[in-house]
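Participant: Sequence lines, in order, name chains A and B. FYI, this note's numbering numbers position 57 of the first sequence as 91, with every residue one higher than the one before it. FYI, this note's numbering numbers position 118 of the second sequence as 152, with every residue one higher than the one before it.
If you are wondering where the hints come from, they were derived from the structure by calculation, not from laboratory data. Bear in mind that the values here come from a model prediction, so they are computed numbers and not experimental data. Heads up, the beta-carbon is just placed ideally off N, CA and C, and yes, glycines get one too. Some hints could be false.
Label pairs and their calculated CB-CB ranges [claimed, not checked]: (1) B:Glu64 to A:Val251: 35 to 41 Å; (2) B:Leu223 to A:Arg166: 28 to 34 Å; (3) B:Asn234 to A:Glu118: 53 to 59 Å; (4) A:Gly203 to B:Ser239: 19 to 25 Å; (5) B:Pro232 to A:Pro50: 40 to 46 Å; (6) A:Val251 to B:Gly187: 22 to 28 Å; (7) B:Asn234 to A:Leu237: 30 to 36 Å.
Derived pair list, reagent style DMTMM-like, types lysine to aspartate or glutamate, alpha-carbon separation capped at 25 Å [to be verified]: (8) A:Lys148 to A:Glu102; (9) B:Lys245 to B:Glu161; (10) B:Lys156 to B:Glu205; (11) B:Lys245 to A:Asp233; (12) A:Lys156 to A:Asp87; (13) B:Lys148 to B:Glu98; (14) B:Lys245 to B:Glu205; (15) A:Lys245 to B:Glu204; (16) A:Lys107 to A:Glu205; (17) B:Lys245 to A:Glu204; (18) B:Lys245 to B:Glu98; (19) A:Lys245 to B:Asp89; (20) B:Lys148 to B:Asp53; (21) A:Lys141 to A:Asp108; (22) A:Lys245 to B:Asp233; (23) B:Lys148 to B:Asp67; (24) B:Lys245 to A:Glu205; (25) A:Lys107 to A:Glu118.
A few chain A residues that face chain B, going by a derived Cβ cut-off under 10 Å, partial list only [said to hold, decoys possible]: (26) Arg166; (27) Val226; (28) Ser252.
Number of protein chains: 2
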Amino acid sequence: MSATDNTHDLTTGAEPGIDVTAATPSQHPEVIDILVQAFAADPGFLRVIPQPDSDNQLLRSLFELQIEAQYSKDGHIDVATNEEDVIVGVALWDAPDAGHGAVDQAKILPRLIKIFGAHATKLVLREFTSARMHPRFPHWYLYTIATTPESRGTGVGSALLNHGLQRAGEEAVYLEATSTRAAQLYHRLGFVPLGYIPDNDDLTSEFAMWKPPTMPVS
Amino acid sequence: MSATDNTHDLTTGAEPGIDVTAATPSQHPEVIDILVQAFAADPGFLRVIPQPDSDNQLLRSLFELQIEAQYSKDGHIDVATNEEDVIVGVALWDAPDAGHGAVDQAKILPRLIKIFGAHATKLVLREFTSARMHPRFPHWYLYTIATTPESRGTGVGSALLNHGLQRAGEEAVYLEATSTRAAQLYHRLGFVPLGYIPDNDDLTSEFAMWKPPTMPVS
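Chain A extracted, bound-state conformation (with noise of 0.2 Å):
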């Protein structure tokens, strides 16, 4: 699962006023705020997460356990704030040393079955899915991108995303876009196509795309 274009706002150029950095644990209240406000519509979600989701309870669960269990631990999260210091947007990422394999995922398979219930078995598929469509070399992983609705269109996303792709450095970076839309967006900035990622219903299926190492030189 990934939810990587949900700002609609992956523009390339100058994003005044806007900061990026690692979030403090003391912000990861407000970072899952703006995740589940972000996703709670999502059909990639939506996908996985059981119907209905009162008051997004189980969606908001399903985040605190993977920036508590997973990205606070072997990842990057990283917010956007602006002028006035509030975060408008977050990002999450996996390092390349990261584990995204099916073996990773499966360390949190006691908790999501515990939140779920009889439900986790979508979920789980379905990242266990994912993860074994990751290329098998060395990788960032961009899981999400998400804003405040108020700051869309005014380049948090594409701070977001420069900023990843700085750290990421010559290093390779995968994600799995959930538009055309969205592919094309990340196309521009490098991004060239993998393939789409097998699923068995009829929502949109997501756009497995990567951004090429530097060569070897010889």
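Fit chain B to the supplied structure of chain A, relying on the hints for placement.
Facilitator: Showing chain B alone in chain A's frame:
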């Protein structure tokens, strides 16, 4: 394992007088001769073929097995012929719907063991590593291009490659370049880096590359 850069000949441009066609069964012995001659001193094959390999008998057996059990069934065997209708090069491709996975490789395992005996392990492990590194997205796989020594530098490798790329059309192509020089040639033809194939020796590491499929249209 891959041997895609044997030809040292992947120039772009016109290839006057070179014709590329599907090999007929009667051409298979000649195809195997060209492969053996091309790769008898290749690091990629020296890595996995038990040495000494008197008269290249083991290398020949490997190509015979691959041609018969794999490429004549699920793949494409392309031959390049010159104006005198002499075969001057060969390319072996797996189609996207042919499995490149470990399971498919396992099918020829009993026959590999029969040929290589205890030495099969190294070859099999290497093949499994390669199979495991293939992206999970549909793609053509260029296993190898080989040319006759006397035809090098005459555009034969280029003609074989372009023929395969045209057949692939909008679909992705995967290969493992066995030298940085080869990787740079493929890069100029639209392949992007994935990364190095893991190995545990001091020989040159193979470098996996990807020619992206076309972007989805909105």
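Participant: Quick check: which numbered hints come out false for this structure?
Facilitator: Numbers 7, 10, 18, 19, 20 and 25, in rising order.
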